[in-house]
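Undergrad: For reference, the chains in residue letters:
2 protein chains.
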Amino acid sequence: MNKIVQCVPNISEGRDLNKIEYIISPLKNQEGFKFISAEPDKDYNRTVITLLGDPEKMIIPLINFFQRALEKIDMRNHHGEHPRMGAVDVTPFIPISNITIEECVEYAKSLADHISYMYQIPVFLYAKAATDPSRINLPDIRKGEFEGMKEKIKDPLWKPDYGKAEIHETFGVTAIGARIPLIAYNIDLSTDDEKIASTIAKAIRASSGGFQYIQAGPALLEEKGFVQVTMNILDYKKNPIYRILETVMMEAKRYQVTVTNSEVVGLIPKEALLDSIKYYQMSLGIPFDKNMSIELIVENSVNYMKIRDFDQYKIIEANL
Amino acid sequence: MNKIVQCVPNISEGRDLNKIEYIISPLKNQEGFKFISAEPDKDYNRTVITLLGDPEKMIIPLINFFQRALEKIDMRNHHGEHPRMGAVDVTPFIPISNITIEECVEYAKSLADHISYMYQIPVFLYAKAATDPSRINLPDIRKGEFEGMKEKIKDPLWKPDYGKAEIHETFGVTAIGARIPLIAYNIDLSTDDEKIASTIAKAIRASSGGFQYIQAGPALLEEKGFVQVTMNILDYKKNPIYRILETVMMEAKRYQVTVTNSEVVGLIPKEALLDSIKYYQMSLGIPFDKNMSIELIVENSVNYMKIRDFDQYKIIEANL
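Residue numbers (my numbering), protein chains in the order written: chain F, 1178 to 1497; chain V, 1178 to 1497.
Treat the hints as calculated values from the structure; they're not laboratory data.
Take the hints with a grain of salt, since some may be wrong.
It does not matter which identical chain is meant; a pair holds if it fits inside one copy or across any two.
Said to hold, decoys possible - With a Cα cut of at most 30 angstroms, we get these calculated BS3-like pairs of lysine-lysine:
{"hint": "1", "residue 1": "Lys1379", "residue 2": "Lys1415"}
{"hint": "2", "residue 1": "Lys1447", "residue 2": "Lys1305"}
{"hint": "3", "residue 1": "Lys1219", "residue 2": "Lys1320"}
{"hint": "4", "residue 1": "Lys1249", "residue 2": "Lys1467"}
{"hint": "5", "residue 1": "Lys1341", "residue 2": "Lys1379"}
Small disclaimer: the values here were computed from a predicted structure and weren't measured.
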C-alpha cells in the first residue's frame, strides 16, 4: 500500500499569476503524487497549494519549488492581509493513509534539512514536528512576521531548528511541520451583517466557550454580498460538521437569518462527510449505508449540508 | 446591606422522607436566612437542600444538621445513582450579593473546622476554597467514592484539610467549599436507554470536546422510567440554557428521541432565564421585554424550555 500524505505549502504571492505558475510548476505532473490545487487570494496576497500522494516523491519537487519561490519572491516588498514570515511561509505534511504522524515528521525534517543547507533558509519545525512546546503553534513562531524576524531569530529562544540564526535577506524564514488533518469549513448566512456572523462565531468557537475543536470568525464576502462564519474544524470526530452546522442554524434563527449554503475549502476526508450524512439519515429514519458510492456521498452532502461548489475531487479518498 | 449567600448542602438520602425531614429541620424557620427547598431524588438517593441568606446565621444550624445526618445516615448501606462519599456529601457557599467569594471561603473553613472537631468528620476544602489545584474539582476528590475513600485518604496526597486521615466509619468524608453560582440543569429524554443519554452528554460536555462550561453525564430515573442528560452549567452567559437545550434536542433526533421536559435543580438566576427567553422570542419574532414580571418569566420558561416542577421560588431574585 502506498503512503499517502496531503502536503499544503503556502507561498507569499497571491496576485501575479505568472509568477505563481512558474513557482508551482515543479509540483505538477509528477509521478507518485497529484497536484490537487493552487488557490491564490488577492487580499491575502498568498497562495495555498495542495498536493496529495507519496511524500517520498514530493521532496525533490518541493526543493525545486522552494528554489523558485526564493528566486521570484522578495519579502522586503510583500504586503498582504495574512500574517507571513517567508516566501514559502509554511509547509505541513498531513498523514492520510498508510503513514503515521511520526513518519510525516521525518519527511518534514528531510525537507527542512535540504532547503536550509542548499539555500541558507532558516527553518522552524512546527506542530507535531516542533522541538519545543513554544513552537507547536505556528502563530507563536510567526509573531513579529517577516519584518520582526530579523531581530527575533537572534534571541536564543528562537534559534531556528535548521540553518543559521539569521534570516534570508529576501526569502525570510519558513516553517515546516507535520499535523493531523483539519477541515476548513465555512457557513454562508442570508445577511451581509458581519456582526451577526461574529456573534455566531463566538457561540461555537472554543476560545469563547463554544465547541472545543472549533476555531471560527466572521468573514464578509463583499463580491457575493453576504457574510460567512469561517472556521477550522480541528477534530471532526469530536466536533462533527452536522453539529456545528445545526448549531449555527439555531443561533442564526434569532436574527431571522438562515444558512444558505456551506463550503469546504481544500480537501475533506470521506469519513467526515459520512459521519454527518449518518446523522441526517438517522434523524429522517432513512437507512444509512456506510459503503455508499462516492457520487452518493457528494449528493447527500449537498442535500443535507448544503455544501456548494462541491464535487468528488474535494474528497481526499476520491483522489487516491 | 445584608450579606447574601446561597448554600446548597447535599445529603446521601433521597428516599426516606421522615429521615430527611428530621435531618433538615434545624435549617428551617431560622432568623437571617431562608430555607428555600429540599429536593429528594429516589434514584439518586440524594437530597439537594438550598438555603439563601446571611452565612453568619447559617453556621450553627448547619452544624446541627451535620450532627443529624451523622446520626441517621450510614454510608455502609447507601446505594444510589449519584457519586457520593459522605452522609453530607458536599456543602458549597455561593456569593449572591454584598459578599465576595473570599468571604465565602472563610465561612466554608469555619464550618469545616467545627464539624471536623466536633464529630471527627474529615473535610476536604474544594472549588475556590481548595488548598491545592488537585482539589478544585469535586469529582477528583470524590473519585473512588465512599467505598474507595477508606484507602484513598491514607495517601498523603489525599490527606484531608481538616480532621484525621481516616474516614468516619458511617459518615465517610465531606467536601465543603465556595464557588461561583452554577446552574444544575437536567434534560429529560423520551427513552429509558442510558446509552443514548451518555452519547448526548459526551456531545455537549467540555471534557469530550463539547461546550467549554458544561459538565454532563447520563442518569437513569428508574422510577420515572426515562433517562436524563444531567449537567452543571458553569457559566450560563457563555453557554446559555437555550443553546444546550437545542443542541440536546438536535442530537436526540438521530435516535428518534425527543426532549420531554427539563429541570432546574436548586436555584437559578433570573438573568439566565431571561437570556434564553430572549432567544426564543427573537426567533419567533415576538418582542422581548427584559422587565417582564416574575410570573411571566416562569410562564415563558415553562413554555419555551419545558422546565417542569418550576415556580418563581426557584428563581434567586424572587427569594431576596
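Undergrad: Are the hints correct? Go through all of them and say.
TA: Hint check results:
1. Taking CA atoms no more than 30 angstroms apart as the test, Lys1379 paired with Lys1415 passes in both settings, with 18 angstroms inside one copy and 9 angstroms between copies.
2. When the C-alpha separation of Lys1447 and Lys1305 is checked against a cutoff of 30 angstroms, the pair qualifies only within one copy, where the shortest distance is 23 angstroms, while the shortest distance between copies is 46 angstroms.
3. Taking the closest pair of Cα atoms, Lys1219 and Lys1320 come within 30 angstroms of each other only inside a single copy of the chain (22 angstroms); across copies the shortest separation is 55 angstroms, beyond that limit.
4. In the homo-oligomer, the alpha carbons of Lys1249 and Lys1467 never lie at most 30 angstroms apart, since the shortest distance is 46 angstroms inside one protomer and 56 angstroms across protomers.
5. For a Cα distance limit of 30 angstroms, the shortest separation of Lys1341 from Lys1379 qualifies neither inside one copy, at 37 angstroms, nor across copies, at 47 angstroms.
Of the numbered hints listed earlier, those contradicted by the structure are 4, 5.
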